[in-house]
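Letter by letter, the sequence shown follows residues 1 to 424 in the numbering used here.
Don't read these hints as lab results, they were simulated from the structure.
Predicted model, so just to flag it, every value in this text is computed and none were measured.
Careful, some of the hints might be misleading.
[As the list claims (entries may be wrong)] List of simulated lysine-lysine pairs, DSBU-like, C-alpha gap at most 30 Å:
(1) LYS223 x LYS213
(2) LYS206 x LYS139
(3) LYS139 x LYS213
(4) LYS48 x LYS84
(5) LYS11 x LYS102
(6) LYS233 x LYS96
(7) LYS260 x LYS219
(8) LYS213 x LYS102
(9) LYS114 x LYS96
(10) LYS400 x LYS7
(11) LYS139 x LYS7
(12) LYS304 x LYS400
(13) LYS304 x LYS133
(14) LYS304 x LYS271
[Unchecked claim] Label pairs and their computed distance ranges (CB to CB):
(15) SER407 x LYS255: 23 to 29 Å
(16) SER407 x GLU299: 17 to 23 Å
(17) ASP69 x THR378: 52 to 58 Å
(18) SER116 x SER144: 24 to 30 Å
(19) LYS7 x VAL190: 23 to 29 Å
A virtual CB, placed ideally from N, CA and C, is assigned to each residue, including glycine.
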Amino acid sequence: MVERIIKELVKANINIYKINVETAESVELFFIKKALDMNRKKKVTNYKVTVYKDFEENGDTYRGSSEIDIYPTMKDEEIGTILKDGLYAAGFVKNKFYPLVKGEKCGEITLPSKFSGYSLEEGALAIQKALYKNDIYEKGGINSSEIFLNKTTKRIVNSEGIDVTFVKFFSEVECITQWIEEQDVELFNVFRYGDLDEELIADSVKDAIELTKWRVKAKNAVKTGNYRVLLRKLALKSMFSYYTDKASVGAVYNKLSNFKPGEGVQGEEIKGDKVTITLKGSAPYDNDGLKLQEVTIIEEGVLKTYHGNTRFSHYLEVAPTGNLDETVVKCGEKSIEEMTREPYLELVAFSDFQMDSLTGDFAGEIRLGFYYDGEKITPVTGGSMSGNIRNLQNNMFLSKEIYKDGSFTGPKMLELINVNIAGE
């Protein structure tokens, strides 16, 4: 199919192009309690062609582009026609000139994964076995679950000589944990895994069931006021996205960020932990065909380098890192045991948690938390948390314990001082 597309590109006199081919195979298992209710399997291949057109206007050089979806059922004439239409449309897109990634060819690369030793069906069942390992409680457990195991094969070809192919696996589990005691409470959970780690999967579910049990016991919100707040797990990924988003070449070029290499990103007089963030790719190449390498963008609270795609990196005259989709935040020196010695409000589940990377504002509706007044721990629910990371970042602490979930690796807990809570 790729050869057919290239043949039509040549016939249409289109000599600047990129072809992205993605074959997605997946097995999906749906369980009610522990019984398999439904299963699905699919294999779909998508072809996306980007055509480019260079032109000048008032002495400036532009490179317009247009993306086109190609389907295997199309005849050659149809492909040729739609490619010509795309080239025409590209002439109306006035992007400053930028180069395409230049020539590297390689054979198919399969990323290391335990899943590669299984069929997709076997891999999904291995996830199911680990998922239900700790579903052993009398009053609660997994009400229902959905297991998705994906195998993606990507090929990237462009007019500058790029021709690379790689295979990666990814799994996602959605499950509803339930606890029936005094009342019937359910919590929705999403877990993402880049590899098969049975212990991690089992522990994730155990934690989720325990939190659901505590949600039954939570009756009231805390009083409105400012608290020493402890955040953990998924909320941390959102919090640290402020730094990764601000450090991107796209944000800097579009004047949505004032981050500069060599300058601090945590404000003045840092009393807490200094942030160190490293980005990695979950694949060997990004969608432009650029080879990906691990890069530390922030070290000890100071921006070392921007990150991002070839286009915006060219505009800023910095070396492109490519689109790196995995975040690693260096843990701190403080243990969770130390963090929980003094009064705190630990927030473990939100109905919704959002971070505005442009302003630094964050907020979330509290589904479950634990308030420690210095003597006893009380489960709480209701109310909301809000604040701005720029007002808190110079006095925050990262736990030494580590947490992993899909594309994020970092501290298991984040301590924030003097956070506003709207409660009773």
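A quick look at each hint next to the structure:
| no. | hint | in the structure |
| --- | --- | --- |
| 1 | LYS223 x LYS213 | holds, 23 Å |
| 2 | LYS206 x LYS139 | holds, 14 Å |
| 3 | LYS139 x LYS213 | holds, 9 Å |
| 4 | LYS48 x LYS84 | holds, 15 Å |
| 5 | LYS11 x LYS102 | holds, 23 Å |
| 6 | LYS233 x LYS96 | violated, 40 Å |
| 7 | LYS260 x LYS219 | violated, 47 Å |
| 8 | LYS213 x LYS102 | violated, 55 Å |
| 9 | LYS114 x LYS96 | violated, 44 Å |
| 10 | LYS400 x LYS7 | violated, 56 Å |
| 11 | LYS139 x LYS7 | violated, 64 Å |
| 12 | LYS304 x LYS400 | holds, 23 Å |
| 13 | LYS304 x LYS133 | violated, 44 Å |
| 14 | LYS304 x LYS271 | holds, 21 Å |
| 15 | SER407 x LYS255: 23 to 29 Å | holds, 27 Å |
| 16 | SER407 x GLU299: 17 to 23 Å | holds, 20 Å |
| 17 | ASP69 x THR378: 52 to 58 Å | holds, 54 Å |
| 18 | SER116 x SER144: 24 to 30 Å | holds, 29 Å |
| 19 | LYS7 x VAL190: 23 to 29 Å | violated, 43 Å |
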